[in-house]
Amino acid sequence: MNWELLQNYGPRMLQGLMVTLQLVVIAISLGALLAVPIALGRMSRNRVVGGLAFAYVYAVRGTPLLAQTFLVYYGAGQFRPELQAVGLWWLFRDAFFCCALTFTLNTAAYQAEIYRGAILAVPRGQSEAAMSLGLKPRAIFRMVVAPQAVLLALRPLGNEIILMIKGSSVAAIVTVFDLMGVTRLAYSRSFDFQVYLWAAVLYLALVEIIRRVWDLIERRLTRHVRQH
Amino acid sequence: MDLLGLISFGPGGWGNALAAGTWLTIRLALATLPFGLILGLAIAQAKRSDNRLLRAFGNLYTTVFRGLPELLTIFIVYFGGQIVLQKVVSFVAPGQTIEISGFVAGMIALGVVFSAYASEVLLGAFNGIGRGQWEAAKALGLRPFPTLRLVILPQLIRLALPGLANLWLILLKDTSLVSVIALDDLLRMTGIAVRVTKEPFFFFGVACLIYLAMSMISSIGITAIERRVERGHRRAA
Numbered sequence: 001m002n003w004e005l006l007q008n009y010g011p012r013m014l015q016g017l018m019v020t021l022q023l024v025v026i027a028i029s030l031g032a033l034l035a036v037p038i039a040l041g042r043m044s045r046n047r048v049v050g051g052l053a054f055a056y057v058y059a060v061r062g063t064p065l066l067a068q069t070f071l072v073y074y075g076a077g078q079f080r081p082e083l084q085a086v087g088l089w090w091l092f093r094d095a096f097f098c099c100a101l102t103f104t105l106n107t108a109a110y111q112a113e114i115y116r117g118a119i120l121a122v123p124r125g126q127s128e129a130a131m132s133l134g135l136k137p138r139a140i141f142r143m144v145v146a147p148q149a150v151l152l153a154l155r156p157l158g159n160e161i162i163l164m165i166k167g168s169s170v171a172a173i174v175t176v177f178d179l180m181g182v183t184r185l186a187y188s189r190s191f192d193f194q195v196y197l198w199a200a201v202l203y204l205a206l207v208e209i210i211r212r213v214w215d216l217i218e219r220r221l222t223r224h225v226r227q228h
Numbered sequence: 001m002d003l004l005g006l007i008s009f010g011p012g013g014w015g016n017a018l019a020a021g022t023w024l025t026i027r028l029a030l031a032t033l034p035f036g037l038i039l040g041l042a043i044a045q046a047k048r049s050d051n052r053l054l055r056a057f058g059n060l061y062t063t064v065f066r067g068l069p070e071l072l073t074i075f076i077v078y079f080g081g082q083i084v085l086q087k088v089v090s091f092v093a094p095g096q097t098i099e100i101s102g103f104v105a106g107m108i109a110l111g112v113v114f115s116a117y118a119s120e121v122l123l124g125a126f127n128g129i130g131r132g133q134w135e136a137a138k139a140l141g142l143r144p145f146p147t148l149r150l151v152i153l154p155q156l157i158r159l160a161l162p163g164l165a166n167l168w169l170i171l172l173k174d175t176s177l178v179s180v181i182a183l184d185d186l187l188r189m190t191g192i193a194v195r196v197t198k199e200p201f202f203f204f205g206v207a208c209l210i211y212l213a214m215s216m217i218s219s220i221g222i223t224a225i226e227r228r229v230e231r232g233h234r235r236a237a
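Residue numbers (the numbering used here), protein chains in the order written: chain A, 1 to 228; chain B, 1 to 237.
Same shape as in the complex, but just chain A (with noise of 0.2 Å):
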């Protein structure tokens, strides 16, 4: 252990951890709200919403988060007049702002998927028996089905946070300062290459408690479900 080191980026890594933390809650949750109008588009009837909606999940699910990120942070500069002349350069001059929006749209497309497959996977009796009791289509959706769907939707969801918090350091090579970039500028800095397995060990733990407190999480949302 190099504690010179540590007591020079211990606190900044830690700080890293926090921005890494901000971007992955920023994401999953703007993207769980645009993912449910996805989901539905691919589901629906229409067939110009449906194809919209594939081709939307299509294309993201198909290309690296890292070539999603330049497209929008560099692509962004392109645009520079228009963008100011609305107002919104500000915005998509600053990497945080520009991985946050990256990571929101990339993260609805996998959750898009996540909620329709939970949403087809409720079995169809339910809605049958939900219509023979003269619920309309709304309220067959809003009190039988979505409440099943979304226990459904636990464990892949949970899933998709763990790959968000992965991700999500690709935002260090836009000059974001999140742990990954913290790691890269101390070591860039130091030259010792400790300061990625003190990364590795913080990403780790992140990971497992994400993943021990989610398991938590859905063992209580789903203890009337269960048999024995």
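For the record, the hints were derived by calculation from the structure and aren't laboratory data.
Computed from a prediction, not measured in an experiment: that's the story for all the values here.
Every residue gets a Cβ at the ideal spot worked out from N, C-alpha and C, and that includes glycine.
Any given hint might turn out to be false.
What the hints assert, rightly or not - Per label pair, the in silico range of CB-to-CB distance:
1. B:142 to A:18: 55 to 61 Å
2. B:217 to A:126: 37 to 43 Å
3. A:49 to B:154: 42 to 48 Å
4. B:48 to A:205: 26 to 32 Å
5. A:50 to B:134: 45 to 51 Å
6. A:217 to B:16: 48 to 54 Å
7. B:31 to A:78: 31 to 37 Å
8. A:25 to B:57: 31 to 37 Å
9. A:226 to B:98: 55 to 61 Å
10. B:88 to A:44: 58 to 64 Å
11. A:125 to B:30: 43 to 49 Å
12. B:148 to A:201: 32 to 38 Å
13. A:132 to B:27: 57 to 63 Å
14. B:148 to A:132: 50 to 56 Å
Unchecked claim - Negatives, chain A to chain B, calculated, CB over 12 Å:
15. 213
16. 218
17. 223
Given the structure of chain A, go ahead and fit chain B onto it with the hints provided.
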């Protein structure tokens, strides 16, 4: 300058550079696949082993490499591999220096990540094969390795294929991360083109389309392989 001219193959066009980058991306992904598969199979075997130590190692390996960001794994293999290799070299032949190639570092890092996920897929597939298959092979007098090769693997492929196909598509995208260790893959070549032409939106858009095309072609190939391994295995109607 018109945009189509920028991606043409002639002088002033970046077609050749993008094609070279694409080719490296494909080569890296193809080189990683067998390495990752064999390593994944070994890890899966470790996790199925009767030896507690081996099982613990397999589980630790999976937890670590599924939990670390791929980017960090690449850095650790690239910089850490360099240090370890340098120590070995200066021990064997003092005064000599050695440099690890970005391609090999990328291949090892991506292969290790691939193997961690693949071992879980393969473990699930192993569990899907009935005990009777092993017992029947034993009754026929087959030794363990021929049993694995002739009886188990052909069935394993069918069960593991959907999961492995998914991992391949992820691997294809993860190759873009090697651009940060100065390997001239598609994304890095695109970055160079952007620096010269000042057309970031267009070029990164083109790069995304190339990745998308690679995914599509892969999907077609996967469907063909799936149909082939499913032959003689009629689905229940």
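Here is how each hint holds up against the structure:
{"no.": "1", "hint": "B:142 to A:18: 55 to 61 Å", "verdict": "57 Å, holds"}
{"no.": "2", "hint": "B:217 to A:126: 37 to 43 Å", "verdict": "40 Å, holds"}
{"no.": "3", "hint": "A:49 to B:154: 42 to 48 Å", "verdict": "44 Å, holds"}
{"no.": "4", "hint": "B:48 to A:205: 26 to 32 Å", "verdict": "28 Å, holds"}
{"no.": "5", "hint": "A:50 to B:134: 45 to 51 Å", "verdict": "47 Å, holds"}
{"no.": "6", "hint": "A:217 to B:16: 48 to 54 Å", "verdict": "52 Å, holds"}
{"no.": "7", "hint": "B:31 to A:78: 31 to 37 Å", "verdict": "35 Å, holds"}
{"no.": "8", "hint": "A:25 to B:57: 31 to 37 Å", "verdict": "34 Å, holds"}
{"no.": "9", "hint": "A:226 to B:98: 55 to 61 Å", "verdict": "56 Å, holds"}
{"no.": "10", "hint": "B:88 to A:44: 58 to 64 Å", "verdict": "60 Å, holds"}
{"no.": "11", "hint": "A:125 to B:30: 43 to 49 Å", "verdict": "47 Å, holds"}
{"no.": "12", "hint": "B:148 to A:201: 32 to 38 Å", "verdict": "37 Å, holds"}
{"no.": "13", "hint": "A:132 to B:27: 57 to 63 Å", "verdict": "59 Å, holds"}
{"no.": "14", "hint": "B:148 to A:132: 50 to 56 Å", "verdict": "53 Å, holds"}
{"no.": "15", "hint": "213", "verdict": "14 Å, holds"}
{"no.": "16", "hint": "218", "verdict": "18 Å, holds"}
{"no.": "17", "hint": "223", "verdict": "26 Å, holds"}
When each numbered hint is compared with the structure, no violation occurs for any of them.
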